[in-house]
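Each chain, written out:
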Amino acid sequence: MWNLLQIELFKISKRPRTYIAFAAIAAIVMIFQFAFKADGESYMNLMMQNIQDNFELDKSKAINGYFMCYIILNTLLVQVPILVALIAGDAISGEANMGTLRLLLTKPISRTHLLLVKFFASFIFTVVLLIWMAMIALFLSMAIFGVDDMLIFRAKGEESQILQITKDDILWRYFAAFGYAAIALTVIAALSILLSVFAENSIGPIVATVCIVIFFTIVSNLNVPIIDKNVKPYLFTSYLVGWKGFFYIGINDDGQPIKGSIENWGAIRKSLTILFAHIALFLGIAIAVFRKKDILS
Amino acid sequence: MNKILEINHLSKKYKDINAVDDLSFSVNSGDVYGFLGQNGAGKSTTIRMMLTLIEPTSGDINIFGKPLNKNRHEILSKIGAVIERPDLYKYLTAYENLKLFAKMSNVNVTHKLLMDQLDMVGLADRSKSKVKTYSQGMKQRLGIGIALVHNPDLIILDEPTNGLDPQGIADIRHLILKLSTEMGKTVVVSSHLLSEIELIANRMIVIHKGKKIVEGFVKDLLDPSKTLVEIETTDNEFAKSVLKNSAFATMVVDNNDKLHLTINKIEISSLIKFMVDTNVQIIAVTPRHSLEDYFLNLTKTA
Chain A
458 MWNLLQIELF KISKRPRTYI AFAAIAAIVM IFQFAFKADG ESYMNLMMQN
508 IQDNFELDKS KAINGYFMCY IILNTLLVQV PILVALIAGD AISGEANMGT
558 LRLLLTKPIS RTHLLLVKFF ASFIFTVVLL IWMAMIALFL SMAIFGVDDM
608 LIFRAKGEES QILQITKDDI LWRYFAAFGY AAIALTVIAA LSILLSVFAE
658 NSIGPIVATV CIVIFFTIVS NLNVPIIDKN VKPYLFTSYL VGWKGFFYIG
708 INDDGQPIKG SIENWGAIRK SLTILFAHIA LFLGIAIAVF RKKDILS
Chain B
10 MNKILEINHL SKKYKDINAV DDLSFSVNSG DVYGFLGQNG AGKSTTIRMM
60 LTLIEPTSGD INIFGKPLNK NRHEILSKIG AVIERPDLYK YLTAYENLKL
110 FAKMSNVNVT HKLLMDQLDM VGLADRSKSK VKTYSQGMKQ RLGIGIALVH
160 NPDLIILDEP TNGLDPQGIA DIRHLILKLS TEMGKTVVVS SHLLSEIELI
210 ANRMIVIHKG KKIVEGFVKD LLDPSKTLVE IETTDNEFAK SVLKNSAFAT
260 MVVDNNDKLH LTINKIEISS LIKFMVDTNV QIIAVTPRHS LEDYFLNLTK
310 TA
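As given, the protein sequences belong to chains A and B, one line each in that order. One rule links them: number in my numbering = place in the first sequence (from 1) + 457. One rule links them: number in my numbering = place in the second sequence (from 1) + 9.
I should point out that these hints are in silico values taken from the structure, not numbers from a laboratory. Honestly, I wouldn't trust all of these hints.
As the list claims (entries may be wrong) - FRET-style restraints, in silico, Cβ to Cβ:
(1) B:E64 <-> A:W629: 30 to 38 Å
(2) B:M124 <-> A:T674: 48 to 56 Å
(3) A:N721 <-> B:E64: 18 to 26 Å
(4) B:E241 <-> A:G556: 39 to 47 Å
(5) A:S567 <-> B:M124: 29 to 37 Å
Just so you know, even glycine gets a beta-carbon here, dropped at the ideal spot from N, CA and C.
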């Protein structure tokens, strides 16, 4: 299986489309960095217009590398699923489209192994993509904007809240958040691979994955009580932004942040469990279908 | 003879269509076995079932004396196959494609092995070119190189000459004959062209609408004593009357604007001489095997 995985990663590394994702992320991040370097205070004014009367803040210090990375992640982690779908959605259907699937399956490898290898290769691609994102969104931002305490703007119910995390308590939260994002994006990869099993061209699964993610995200953001209770808990999109939980710092009885704490560990654990369950479900169905599928391409 | 491949009562049904219908045949060690049928006869479906790409509706496939469904991994490691077009990774070079598939076949890959293989199929000098720059014939040869890289005992080629120019067809034919005569491989080769099979196979099967029509040794099925000759003249009525008073009389059949005779192949020159001597103005005399005619009759009724 390791041999097969090496082959799969070699193929991914040789395809020009692989590098589209890296170039797209770099371009978007750098546009953000340029915009905030040029006129970040306008953004801060907009964010703080409801609370600036009773909150004193040095805005030039608030825009720092940590804060920039948080803003970028907030935006990019909605777009990255599309980039993951570009690779994972092509996994089986791309081989069928090229006509290589029938050649692959005449080799002494099991269909289950092949599908699992495709999944692990997509997972590795996702992790590498996130490492790339961390390098330019976090470390490059730290180099450009410097480091300081970080402010988090949070909508909690009908209230707005500002959380402050000291600069020596942030980096580990980013590593945890990127780890969480890797799991969340792996759900997208598993969904894409499942859809890929049914198709014989790459476009179908990629478009279908994006449509499903958009549709579920819209449903996840609807504030309708019956949907809140009966639908949202079962949609994986409700948990894609769960990485933010690592930045919701615990508050003591005096209203002061507790260094190294997280407000709701239980919610993060529950989110991760549901994401893993979705990965297992999508992969399980994909394997069951692929094992029995007649290869007619 | 040691049976390498045995197929018993194999069927594949898609809804109401029987793509393969109760098909049975066997291939012996060392055979070049021709698998003949029109397009859509069920050849590719049968071959795909032999390679586990399609699951049979019913029936058994035994290869190397073992049931395929229970020994897939072991059996496939001893088979090399090219199915229809040899589609490969176009963004990789020939060398990279070969290396990748050799690794999948659990071969101890060395540079020498890969270059020898590319040399055998005449692609050593283009080993570093991306496959997207290859002609159809070169892709076909690379596909065969990939099929052979793990030194398989059984080679299955599905329509290997499709889309090739005459030189490409001749190259593939010579390669198949080399595999059989020099390397002692067993080859199953499908085609819709009897003339192709006739030139390379020692045994063959003809299938139509998923069913076996005939199976046997090529030399028996293409019996020269039953060669069908098609005659076209400037005056077929005159030719017919002349031939009816000759030694060929009992064999003459009038078929639209042509005359058909079934005679021994060695008598064709005598027939032509007789017609010339009796002033029959010949336009064409075309010998065809009786099996080919039979095959074409099936096509007409399909």
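Hint check:
1. B:E64 <-> A:W629: 30 to 38 Å: violated (51 Å)
2. B:M124 <-> A:T674: 48 to 56 Å: Given a distance of about 52 Å, which is inside 48 to 56 Å, the answer is holds.
3. A:N721 <-> B:E64: 18 to 26 Å: Given about 49 Å between the Cβ atoms, the range is violated.
4. B:E241 <-> A:G556: 39 to 47 Å: holds (43 Å)
5. A:S567 <-> B:M124: 29 to 37 Å: holds (31 Å)
Hints 1 and 3 from the earlier list are contradicted by this structure; the remaining hints agree with it.
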